[in-house]
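Trainee: Now for the letters of each chain:
There are 2 protein chains.
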Amino acid sequence: MSKKDEILEIATFLFANKGFKETSMVEVAKRSGVASATIFYHFKTKEDLFLSVLNNVKNGILEEFSHYFSEKTFSNGAERLEASVAFYLYLAGTRQPWFLLLHRYYPYKLAEKNDFCRTLLEAIYNCFVDIFENALVRGQKDGSVGDISPRKTALVILSTVDGIVRFKNCNLYDAGALYNELMGLVGRMVK
Amino acid sequence: MSKKDEILEIATFLFANKGFKETSMVEVAKRSGVASATIFYHFKTKEDLFLSVLNNVKNGILEEFSHYFSEKTFSNGAERLEASVAFYLYLAGTRQPWFLLLHRYYPYKLAEKNDFCRTLLEAIYNCFVDIFENALVRGQKDGSVGDISPRKTALVILSTVDGIVRFKNCNLYDAGALYNELMGLVGRMVK
DNA sequence: AATACAACTGACTAGACAGTCAGCCTGACT
DNA sequence: AGTCAGGCTGACTGTCTAGTCAGTTGTATT
Numbered sequence: 010m011s012k013k014d015e016i017l018e019i020a021t022f023l024f025a026n027k028g029f030k031e032t033s034m035v036e037v038a039k040r041s042g043v044a045s046a047t048i049f050y051h052f053k054t055k056e057d058l059f060l061s062v063l064n065n066v067k068n069g070i071l072e073e074f075s076h077y078f079s080e081k082t083f084s085n086g087a088e089r090l091e092a093s094v095a096f097y098l099y100l101a102g103t104r105q106p107w108f109l110l111l112h113r114y115y116p117y118k119l120a121e122k123n124d125f126c127r128t129l130l131e132a133i134y135n136c137f138v139d140i141f142e143n144a145l146v147r148g149q150k151d152g153s154v155g156d157i158s159p160r161k162t163a164l165v166i167l168s169t170v171d172g173i174v175r176f177k178n179c180n181l182y183d184a185g186a187l188y189n190e191l192m193g194l195v196g197r198m199v200k
Numbered sequence: 010m011s012k013k014d015e016i017l018e019i020a021t022f023l024f025a026n027k028g029f030k031e032t033s034m035v036e037v038a039k040r041s042g043v044a045s046a047t048i049f050y051h052f053k054t055k056e057d058l059f060l061s062v063l064n065n066v067k068n069g070i071l072e073e074f075s076h077y078f079s080e081k082t083f084s085n086g087a088e089r090l091e092a093s094v095a096f097y098l099y100l101a102g103t104r105q106p107w108f109l110l111l112h113r114y115y116p117y118k119l120a121e122k123n124d125f126c127r128t129l130l131e132a133i134y135n136c137f138v139d140i141f142e143n144a145l146v147r148g149q150k151d152g153s154v155g156d157i158s159p160r161k162t163a164l165v166i167l168s169t170v171d172g173i174v175r176f177k178n179c180n181l182y183d184a185g186a187l188y189n190e191l192m193g194l195v196g197r198m199v200k
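Read top to bottom, the protein sequences are chains A and B. Quick note: the first sequence uses the working numbering, first residue 10, plus one each step. Quick note: the second sequence uses the working numbering, first residue 10, plus one each step.
Calculated from the structure, these hints are not laboratory results. Any given hint could turn out to be false.
The list treats identical chains as one, so a pair stands whether inside a single copy or across any two.
[Said to hold, decoys possible] Simulated pairs of lysine-lysine, BS3-like, Cα-Cα distance not exceeding 25 Å:
| id | residue 1 | residue 2 |
| --- | --- | --- |
| 1 | K53 | K200 |
| 2 | K13 | K27 |
| 3 | K27 | K122 |
| 4 | K27 | K39 |
With the hints as constraints, model all of the structure from the sequences given.
Mentor: Encoded structure:
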């Protein structure tokens, strides 16, 4: 693993767990086992490092979902929707730093003045919404989903699962305990 | 308005919009029109100032909800639930700083090592969940709500509306455009 | 008028921070 | 053997930060 990749991995962890401002370049350097000047050799500024991290997160998310759906088949749209929700929750568990990062306010603040950041966030959230919308549209065709607006419903479903993941990551409520309830409610929502 | 209250008001705005670390005591002082030493006369540390802000937010939220429900009546539980969701969204609009603050990660991180912070957050979220749960329980008694777990369903509903508010505050999607859809979906969820 | 006390402040400090820069090391090519 | 370049570093800087403290003001009580 190159030193650049090591820096990126450590930075992902720290930005996710401590936030942008709370993470110091000296700490990233120490944990990566490099001199702090090395970070500035690979990344122009701290903001640049953050954008590289976010870009990796985006690529990771897109890859995970395309991989999952490329080797799975579903008997109908409703089933596909349920599997999508389940996979989102699964991913939030196995890739917690990604979701911690996305649940911080900094990236959205940065997106206001940085177009690249905005395109990254849009790619991520479009990926999420598209997956639910796709399942709903298929469900309407095969009759397993009722007459609702697929896009808007997909947004509400994303809000729900994303909210649950956030609550879990904030140690407020446990996502696992809500799993069955959530599936039932989502199913009834789109019937 | 006393200088102490002025400091609290400015601090609420800045902690909500910039976060804990990004907000400097000098800026709070300048905007409040006091010397920075004055802040430390009223509040022992920066963390202490933050906790005072959060305490105010908690009191504000509890007050707003108790006031709203004390002068409203509903013909059944389902209607009460719908009104609760609507009022949550309304409050998130009129008291945006409160919700920006609650959507930051810092308070939850602080809660891990600070019991007072934890009790404040618990009071806030219990208030939210109780309101939805209360409506669901009433609805089950009058038959307007189906056979579901009121507590868990309340948690899912809170996740949904809280998620939508967060998306709106992050400039990702507009809560207003989703209002009708949301109400329909929540209604169907609990039938 | 003297006392007492709370509210407030200007001037300060020690530490942390992002970012810079001149130069070192190592391996590849000539 | 000499040259070159990419990767890397130690030592540094100017700026910003939370927090301190000795001392001033205003006001109420005696």
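Trainee: Each of the hints needs a verdict: does it hold here or not?
Mentor: Against the structure, the hints:
Taking the shortest Cα distances, K53 and K200 never come within 25 Å of each other, neither inside one copy (51 Å) nor across copies (55 Å). In this assembly of identical chains, the alpha carbons of K13 and K27 lie at most 25 Å apart only when taken from the same copy (20 Å versus 30 Å across copies). When the C-alpha separation of K27 and K122 is checked against a cutoff of 25 Å, the pair qualifies both within a copy, at 22 Å, and between copies, at 15 Å. For a Cα distance limit of 25 Å, the shortest separation of K27 from K39 inside one copy, 16 Å, qualifies, whereas the shortest one across copies, 28 Å, does not.
This entry does not satisfy hint 1, going by the numbered hints stated previously; all others are met.
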